[in-house]
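Q: Fit chains B, C and D with the ligands to the known structure of chain A by using the hints.
Protein chains in written order, with the working numbering: chain A, 1 to 207; chain B, 208 to 441; chain C, 442 to 698; chain D, 699 to 955.
Treat the hints with care, as some may be off.
Computed list of lysine-lysine pairs in DSBU-like fashion (alpha-carbon distance at most 35 Å, straight line) [stated by the list, open to error]:
| hint | chain 1 | residue 1 | chain 2 | residue 2 |
| --- | --- | --- | --- | --- |
| 1 | D | K725 | D | K883 |
| 2 | C | K468 | B | K369 |
| 3 | C | K468 | C | K626 |
| 4 | B | K369 | C | K626 |
The set of hints was computed from the structure by calculation and includes no laboratory data.
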Amino acid sequence: MHLPDGIVPVEMALAGYACSAGLVAVALHRIKARPDPQAEIPRVAMLTTVFFAASLAAVPVPPTTVHLMLAGLMGVMLGWFAVPAIMVGLFLQAVLFGHGGLTTLGLNGLILCLPALLALRLWQQIGGRWPDLAAFGAGAGAVVVAIAIFAAIVLTGLPAELDARAERAAVQIFALAHLPLALAEGVIVLVLLRVLRRIEPRLLPDG
Amino acid sequence: MAETSPRARLILALVLAFGFAAVQGLAVLPLVMALAVSVVLVFGAGRVVLRRMRAPMLLVLGLTLVLPLISGSTVLAQIGPVALRLEGLQAAALIAGRLLSIVAVTVALLATLSPFDLVAGLRALRVPALMTDLALLTLRYLDEVTTELRRASIARSLRGGKRGWRALPDHALLLATSLIRAQARSERLWAAMRLRGYGTGLALPNSPLHARDWAAITGAALLALGVVWLDRTL
Amino acid sequence: MAGPDIVNVLDLDGLSVGWPGHAPVLKELSFALPRGAHVGLVGPNGAGKTTLFHTIAGVLRAQAGSVRVMGRTVLPGQFRTETALVFQQAEDQLFCPTLAEDVAFGPRNLGLSEAEISARARAALSVCELTGLEDRPVHHLSGGEKRRACIAGALAMQPDLLLLDEPSAALDMRQRRRLIALLAKMDQAMLIASHDLELVLELCPRVIVIDQGRVCADGPAHEVLGDARLMEAHGQEVPHSLTPHYTPGHLHVRNSL
Amino acid sequence: MAGPDIVNVLDLDGLSVGWPGHAPVLKELSFALPRGAHVGLVGPNGAGKTTLFHTIAGVLRAQAGSVRVMGRTVLPGQFRTETALVFQQAEDQLFCPTLAEDVAFGPRNLGLSEAEISARARAALSVCELTGLEDRPVHHLSGGEKRRACIAGALAMQPDLLLLDEPSAALDMRQRRRLIALLAKMDQAMLIASHDLELVLELCPRVIVIDQGRVCADGPAHEVLGDARLMEAHGQEVPHSLTPHYTPGHLHVRNSL
Ligand SMILES: Nc1ncnc2c1ncn2[C@@H]1O[C@H](COP(=O)(O)OP(=O)(O)OP(=O)(O)O)[C@@H](O)[C@H]1O
Ligand SMILES: Nc1ncnc2c1ncn2[C@@H]1O[C@H](COP(=O)(O)OP(=O)(O)OP(=O)(O)O)[C@@H](O)[C@H]1O
Ligand SMILES: [Mg+2]
Ligand SMILES: [Mg+2]
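Chain A on its own, in the form it takes in the complex (with noise of 0.2 Å):
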């Protein structure tokens, strides 16, 4: 779910960089005022190459394979480091492996950067309570998240003369193909959150 470049009109593109830009300065100075942030440094990088990598391997959703995003669980696995993680994801991804683009960068980087976030609140809010409720709320609700900043984008950006209804049921169709991502990555995070509380507790923030 990669907005290639090209597509949308050169203004929302720049927007996109500004937003971005300003969420990274606010997820910098959070990390700032953390006791020791360049500690956190290797910790970040070795769980945001996983992510990475985890992300580049093909999982199967019959009748065929998906690529998972893993927005929410790096929002709830990282904090507020999971928006320059994800920046720089994106940036390697769009240079080294095509996958995105340049202008785009800033686009991408709130499709993934916005869901990640929500998943974080949501698991600090009833993560405690409800942690599989949470849990799967925070990787399937990020996938549709990301899909609906996504969708909407696109529709922006789309040329004017568009017919309603043909725009309707893309947006439609689009939304129903990404169901089952969003259903295997609620699954997915669900099952990996509940193996770390009971086996490895300390890697989860506290929820």
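A: Below, chains B, C and D with the ligands without anything else, positioned relative to chain A:
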């Protein structure tokens, strides 16, 4: 031009990409594409670009098949319920031209660098050290983690692991194991970094921009502005 | 040592294999393993030992020749439960939260009943002397325990052929000794790839040397490993226990190499 | 072997250390290393060898007693360039993109000039026989090259004390032999923790045995490692090269252990 510094290449790529993205009319599109081709040739990246063009080409093909059918009011041809429309065709051509030109330029300028030079370039552009260190460590360990995940998934299959959607929980287990190991590894990594005096970041210090870099940047900025100006006046 | 069967557990016949997009690593490999045979596989880094194991396990596709396990040809992508592979990297192989779950993973996928699953897991754990650690998270096991946990996971599948890739890597003396004792009493056919020649010598009456993807020697362990010229030629050394020493003086000579 | 100095490179005095929130691992450890001494550190898994190295390097805090390097007390968190630590896990220690950058990382943090940095890096690479691989990404090095790269990174700091944790782990015969030759010709003081007793025997005239955090023996390598009772008691074995063998028959006896 192959010696252009990473930092200058990043600026060039951004300036040209945004210049191309700003094009709204079909008139300057041939010029934009010609510019993209010349950048590819000047940086001697023809083969890399061709290889990396496959995925964008598919996307463009999809767009040109769909947009002319669903978008616009001027019908050019009608076969049964399917109508080919002018505005859709124009929109498709515009998007395709911009997309391919931007991808060609970014690939030619950036994908030919070693990933590590690329990050050094980012550092020189004052991207925060926290992010460039994340990028460097991620690049450094990506291969290893990918191999580990692949091995674990083979081990799972060899022990009769399920297929299809019932394998999803197993994938969560593999991922959890991987994260636990990443945590342990990061503790060792931090000790190693500290013992060798880690302080200001992993990326190399700035190398200054040479006259050649400045010339290239100025040239690219003028070209991008020229393209946008032509596009708005024509 | 071999049973009264006619079939070999493993048959390699003119096998050539390579990693996708690379030149072949194994070239026209042929040998067979009778039932219950313990065979050592020795060779320098990059000789193709791990590649061979991946091929036998059905991960890689043979470019020429064939691999048969229990008389049936191995097809890539078709994972056969008769073969169990223990990787060099124990961590990669233990992906379930606790030891008990990990060992039960294989049997559960075979569709056995709960009672059978737990019986098999218990048996495997006790053979590997891991009883009592069932509920330990896998990543809190020591190196030697992890290695034995991998073997227990393999044994729980009740395989006919056990492939062990560097089983003694990263173990201390005591754990290594324990592992040797454990492997020595197993009666499955076994192929053991290792740089630890003393271990090979103790466990395997027969040794195969491969280098650059070809079989360079195949014979009784003492003859093969004791042949200084052969060992030297393939980046190995004659194990200390096969060379007579009377004085410790040789050490200083060696040191100045 | 020791220089004309009065100072020891390393002085441990009644040292007790534990991991935060755990019981002490090392208990009242005392020994000293003169300049240029190569000393082996032997003991079973969990004996506390790695813990000791982390303490000497200033990662862990002493609960009692003191560690002095070059006569100055080591304070935790204080980055001392006299000590260089080579971990068992080579991968985790090579965190820079290319070999050249990794080796130059330490000197760069010392605030040297570019010329000095590259001179030091070149010298370290050439001692470790890595010249020509400078621009290789670290993850494309082989196991033996990675290990030597770690040592080069340590040498580039020009340390007085080199701490090596399991230097021969995961190396094949040829690489191990090369490593031994490399270490034998170094004149820094060295503490080598290893389960590879043959390596210890070849490199270290003096050996210290620790078990459960205490020094159990400290003396000439041949005496300590040749003492079967002592070795047995601490989960080790007398290395093969110190036991005379005449016939290969003993193997079968061993096998039935
Ligand atoms: N995933 C891979 N992709 C491509 N080539 C590979 C891969 N794994 C191994 N090779 C190549 O195959 C050859 C044989 O490697 P293999 O790992 O089988 O050797 P080995 O005998 O197991 O060595 P070692 O003793 O180091 O484990 C080597 O040249 C190696 O570069
Ligand atoms: N990060 C840690 N946190 C808590 N305890 C630890 C940690 N690392 C080691 N320990 C404990 O300290 C003790 C000594 O471990 P250490 O790693 O020093 O042993 P070692 O002699 O290096 O063993 P090995 O031969 O396996 O490397 C062990 O009981 C271990 O459980
Ligand atoms: Mg191997
Ligand atoms: Mg240790």
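Q: Indicate, hint by hint, whether the structure satisfies it.
A: Do the hints match the structure? See the list:
no.	hint	in the structure
1	K725/D / K883/D	33 Å, holds
2	K468/C / K369/B	33 Å, holds
3	K468/C / K626/C	33 Å, holds
4	K369/B / K626/C	32 Å, holds
Hint violations for this structure: none, all hints satisfied.
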